[in-house]
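> Take the given structure of chain A and dock chains B, C and D to it, following the hints.
4 protein chains.
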Amino acid sequence: MDFELSEDTQQMQRTLRQFMQRELLPRLGDYERLVHRGEYPSAVIEPLKARARAAGLWNLFLPGLREDEPGTRLSNLAYAPLAEIMGRVPWASEVFNCNAPDTGNMELLHLFATAAQRERWLVPLLDGRIRSCFSMTEPDVASADATNIATTIRREGGHYVINGRKWFTTGAAHPQCRLAVVMGVTDESSLAPRHGRHSMVLVPLDTPGVRVVRNVPVMNHLAPDGHCEITYTDVRVPVANLLGRENEGFALAQARLGPGRVHHCMRAIGQCELAIELMAERALTRRAFGRHLADFANVQDWIAHSRVEVDQARLLVLQAAWKMDRFGNKAAHVDVSAIKLVAAQLHVRVLDRAMQVFGAMGLTPDTPLAELWSTGRAMRFFDGPDEVHLRAVAKAELARSRETLGSTAVYYRNPQDRD
Amino acid sequence: MDFELSEDTQQMQRTLRQFMQRELLPRLGDYERLVHRGEYPSAVIEPLKARARAAGLWNLFLPGLREDEPGTRLSNLAYAPLAEIMGRVPWASEVFNCNAPDTGNMELLHLFATAAQRERWLVPLLDGRIRSCFSMTEPDVASADATNIATTIRREGGHYVINGRKWFTTGAAHPQCRLAVVMGVTDESSLAPRHGRHSMVLVPLDTPGVRVVRNVPVMNHLAPDGHCEITYTDVRVPVANLLGRENEGFALAQARLGPGRVHHCMRAIGQCELAIELMAERALTRRAFGRHLADFANVQDWIAHSRVEVDQARLLVLQAAWKMDRFGNKAAHVDVSAIKLVAAQLHVRVLDRAMQVFGAMGLTPDTPLAELWSTGRAMRFFDGPDEVHLRAVAKAELARSRETLGSTAVYYRNPQDRD
Amino acid sequence: MDFELSEDTQQMQRTLRQFMQRELLPRLGDYERLVHRGEYPSAVIEPLKARARAAGLWNLFLPGLREDEPGTRLSNLAYAPLAEIMGRVPWASEVFNCNAPDTGNMELLHLFATAAQRERWLVPLLDGRIRSCFSMTEPDVASADATNIATTIRREGGHYVINGRKWFTTGAAHPQCRLAVVMGVTDESSLAPRHGRHSMVLVPLDTPGVRVVRNVPVMNHLAPDGHCEITYTDVRVPVANLLGRENEGFALAQARLGPGRVHHCMRAIGQCELAIELMAERALTRRAFGRHLADFANVQDWIAHSRVEVDQARLLVLQAAWKMDRFGNKAAHVDVSAIKLVAAQLHVRVLDRAMQVFGAMGLTPDTPLAELWSTGRAMRFFDGPDEVHLRAVAKAELARSRETLGSTAVYYRNPQDRD
Amino acid sequence: MDFELSEDTQQMQRTLRQFMQRELLPRLGDYERLVHRGEYPSAVIEPLKARARAAGLWNLFLPGLREDEPGTRLSNLAYAPLAEIMGRVPWASEVFNCNAPDTGNMELLHLFATAAQRERWLVPLLDGRIRSCFSMTEPDVASADATNIATTIRREGGHYVINGRKWFTTGAAHPQCRLAVVMGVTDESSLAPRHGRHSMVLVPLDTPGVRVVRNVPVMNHLAPDGHCEITYTDVRVPVANLLGRENEGFALAQARLGPGRVHHCMRAIGQCELAIELMAERALTRRAFGRHLADFANVQDWIAHSRVEVDQARLLVLQAAWKMDRFGNKAAHVDVSAIKLVAAQLHVRVLDRAMQVFGAMGLTPDTPLAELWSTGRAMRFFDGPDEVHLRAVAKAELARSRETLGSTAVYYRNPQDRD
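Chains as they are written, first to last, in the working numbering: chain A, 19 to 437; chain B, 19 to 437; chain C, 19 to 437; chain D, 19 to 437.
Only chain A is shown next, with the shape it has when bound in the complex:
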């Protein structure tokens, strides 16, 4: 057991931190201004992308195990601390071509796409020339139970015909978004097992019948690249657009989620670190009732609890990343539920404390806290609500217990021993 990051990772952290400091942070104001005007801030992001790529900070997320594979050959454990740094600015990941949901989609394509699919979609995605979205959640059913998903993907001759309504399709409002990965029911017979009825198809966003209805505000906040509501009405794509095999959509979804959740969690942790920094500085400089806020025991408690909670969560996430590297994504299935749960609940808790230290200012857009908080609250739903992950962790624990049932009996005490 060793808690030290490798020398390579530490070097990469320094490079990335420097890039953030010198290149990215100075553009925060410009970004803000463009977004406020209602433009997608490509004028800020595109030049930064070029500089990041030149600096070797590109596609860091993609493990790429074989020589001929794309990506920077970073393991999940090596990439995770970098995601933490990127997370400090919600839009930074795109600059490094490491943003959700493109990362997950690239991974899906990398793992399951045909040569033609790779050529058409994966290559430009890896190049950062196009963006993509992932259309899974539906407004009309509880998507927490993913088997509820009701969008139909019916085979008609050489085509699939898609009908359904999706929302929280992140990224669909990005001006360069060209591809939607759509999850739907391909086998509607009630005989198939509930996790063996769905498939994923690749849908060019300009296919007739695809309509981006609206960019849905999340906790009053409108993401520039959108959490979109999309209707698919008689959308026809060639059967060659099937990703992986028919009715194996859930297996693909599972494969996609592991690393993406590690990224999400580490970005969340990066935001918690920023919140702690902001809260500590504020506490040191603001006075009330004759003392600095930092001298009040309740403010100290918020800072301390945040520190120990963040440090614990980070270790749990890194351990999950390590487990994925070592034993494969599937072996880390429950760990990934655990970190998703932990990070999302941690994020709102820490951000909330930081806002409280800032007083009314914490609610305004003058600090990043209110917007980060929105993301955090939404994170408690993205990739499954807390309840789904609690359920998964509990079921794993109960399964373990079932295997050794009776083993705790020796710890019970016989009242007669006390007679």
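By construction, these hints were calculated from the structure, which means they are not laboratory data.
Beta carbons are placed, not taken as given, at the ideal position from N, Cα and C, and that holds for glycine.
Each statement offered as a hint is correct.
Derived lysine to aspartate or glutamate pairs resembling DMTMM-like cross-links, with alpha carbons at most 20 Å apart:
#1 D:Lys413 x C:Asp313
#2 A:Lys67 x A:Glu41
#3 C:Lys348 x C:Glu266
#4 A:Lys348 x B:Glu22
#5 B:Lys413 x A:Asp313
#6 A:Lys67 x A:Asp145
#7 B:Lys413 x C:Asp313
#8 A:Lys413 x D:Asp313
Here are some, though not all, of the chain B residues that point toward chain A, as calculated from beta-carbon distances under 8 Å:
#9 Ala298
#10 Gln318
#11 Asp329
#12 Leu336
#13 Leu359
#14 Pro383
#15 Asp384
#16 Thr385
#17 Arg409
#18 Leu423
#19 Thr426
#20 Arg431
Relative to the frame of chain A, chains B, C and D by itself:
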């Protein structure tokens, strides 16, 4: 970074688990019976000690870096997982000569004792022939702020004369307890710095003037070896009984605390694991309202939260142990505060959930939960209350912030960018 | 709406407070001494009972609506504030013949007993000459779901034959306990509705086959009057000992619970008030790090949260009492679940905070906190665990919602209004 | 003590509920549409105001004790349940001329204004012809400690000259807003007591030097009437515009706050009730994992906790209203801190649970939850952050304790009683 325990540690875990299973757990009833009759259960413990020693499970806690030093040469990181296993039975550590406060006292003597002191006290302690206690906390002052300690140790010729009242002196009720390490004020002048006025002296328990007033019940529970109240009235010991240097008592106390807190925390985590096992089995076997408790979402939530909280806490404790091994106890000072805080609060939370799953039975002595819970609640005070550790963690965070004051300014947003 | 207690109630409060102050509190030490010696402290209690009765502070709990009925004619709303005052000392209620479970049993007998039953049991209970217990909870089933109760009460000729194991039968260790009200299955056919199979029978405690197995410690604490485990083995009582009608045991249990829960809750609130007083005094007098604890913002927060939580809970309990007086016990069914839930959770929370302010002393028997805390923790199970009450409150809310299903639709927003 | 609302109040509730149902709720969509277009929705509100006034639902908040005084003669206790109903729609209060901050300003003017001031400002406010704002909080100081307020109001001949920056001046973006009540320092000498240096002046919003800099979004949400940042630069008003007496601004502020906080709290409670209704309906109609959400124990727990917390909070608020009616605003000072604290924390807790039951939809503007939550989070700062109220409640408790210091000693136990 590597999350796998070393092969040696894993082997040691197997050996220890086997010993617990085969030798110790079968004696739980006998232990209970003796305690209930009011006897110290030496008849159970002494034979187990002999067997444990024979099995090489002895003084595992003592790092012992040099050839000629006692101990099993285990690092803190290597010992910690073993403490977790021992913790599952509150009295198990003594069987392995690894129980508090003797471990801390042995470490103190190992580090600071003169040759004569070592010969007289350390050797029999390492052999498990005698027990010792540590007399620090006082009823009349808030010992959370240790500089409040008021017991006086006055030099009179070749002796120190001790006067004061202590309590929560753990172990003083053990029939073999022979030594009290006593902390008191040696420099009462108000000119000395607050942390430079206290010393530690070695006081044989049979010295005239030492009176064990009572064994104080903790949350209604009476520890067999006692959390004792002791009065020291004109107790005279030779100046040769000074441990370390005069007025450096706090430096010694600090040195003593680090590893001991790791042990405490890991034992607490072992108890949390046991609580999860008990709670899961109970949930799987008990029915209400037509379902097993395990099928109720709130019970699942308690199990899941316990699992992710315990896993996080363990990583934090192991990291602190690793840090102590790598950079020394002093460097891990704040980490040790953090784990003490985290483990104590975790313990009561997990135990409380487990009790709730057991219904009324959880409150009875028929399961180990109620007694473990008592320990946990007390752990929120032993080695300093939560508030002291929160304060320490916050102050460290604020100190870091103070050093880089202004560094978060770049994250603030200029309202004019949104005009 | 009027938040002022009636002049009569206020007068009664003054009388009771004075009695507590002058008569009862000075005996706390004597009581303690006797209990510590293992005696039931009748030598303290009996003289106090005589004085209380003489002062008109007797059977205050019993509404007694008719001229010829026993009791002091206090409504639930009038009695509740008195129960709060009594609650400050855990054993005080017995002095006023107002202690559980006798109060509930007296009420049961008052409502459902035959003339002969009243003569034999109710009269001496109202006189305080005998004590009684209520045998419902069983160790072998989840009694939270009361329909699980498995003790059998089989009719054989002119007798009922009782077989089963009960525990948490409070009061059975009292030296004057003469009567157990036993709940069991009289109709074992699976055809009867689950709430229509049980009955209550009156069992003299000296009936052959009744064995008080042990007084079960609760959170390490042993109640002098006992939370007993009792086995009933072929216990025969005449059919005339049936209370109320056969198979209507649940209806009786419900009738019994309402007022008793109000009493429990108010006593718990009285203990919370005492905890706040203790915590505030301690905070004002204890110093750490150069300030009084009262000057630390976290301690202030604990006190303030306790204050506002206690004040809210009291209002809720008084409202439930008022509702029972006004609309009958049945109409207040859900309110009674609500207050039981609220008061039990509040109690452990407030007591826990108070213990924390006291430091290690809070865990010892030197203050009443640790023992009160034990009661509070157990209260989360007595009369049903929190989960049963949460379930009851939720089901009532959901039932209301079901009746007006669709009524919230008008509050939803049509996304098109924002297009 | 009586928990029943008076017949008059119940009648008023019915009338108001009917108005909401028939007149106001049908306009929610129109309101939304106008706001979304960036217009202040006067086209919806003005006609509703006329109808409300015609229905006698006008200025309900103003106690008006004398014949010749304005207002509907409702006591605080009588008005509170009406505020709860209005609160269900955030903008409803304006329809009844009962919205903050105008209510508080009208009360201030009613109590302290000169005849000329009343004529110019109070009369049109009572008529609903103009709106007003209250300029107290400042971005540059911790306004939680109101004595920090730094805006200067300097006397120069017959004028006051105002300089300073304010924000969270609610209502200043309303198209009919004409008046700002401005709080600032009139006595800058450090000799005056800290609460005796500030005054309030009436500033017409069109006075040169007044600049509404921006409408500050709160948790990403932009209130149509604004939480505005305003700069006052050499703003000159005649000395006749002083409200009340010089340097008595804090006394005025206190007088203003009591009833306004009751209104705020009851509106918050109304929103909690709506949240419970929404959450219950959703739980009854949404399915996951083969069951309705209403059948999951954790969802039931959220509903039940919300119900019992809301019921308790309402009683506390009504009690505070009753106390103000009975003993005056000053006597209820601490109660008003308590309810503000309780209601604000309750609101975010209940809204958060409701959002969680709604899944991702809870974050969108398709239900009122996300917007209501924003208000709730902000409410934890409006009229003082939680910490200020916790401090006030704690200080009151500690003051009480100080008066009877030593009174708890009788409850301590002498260890010797257990020897």
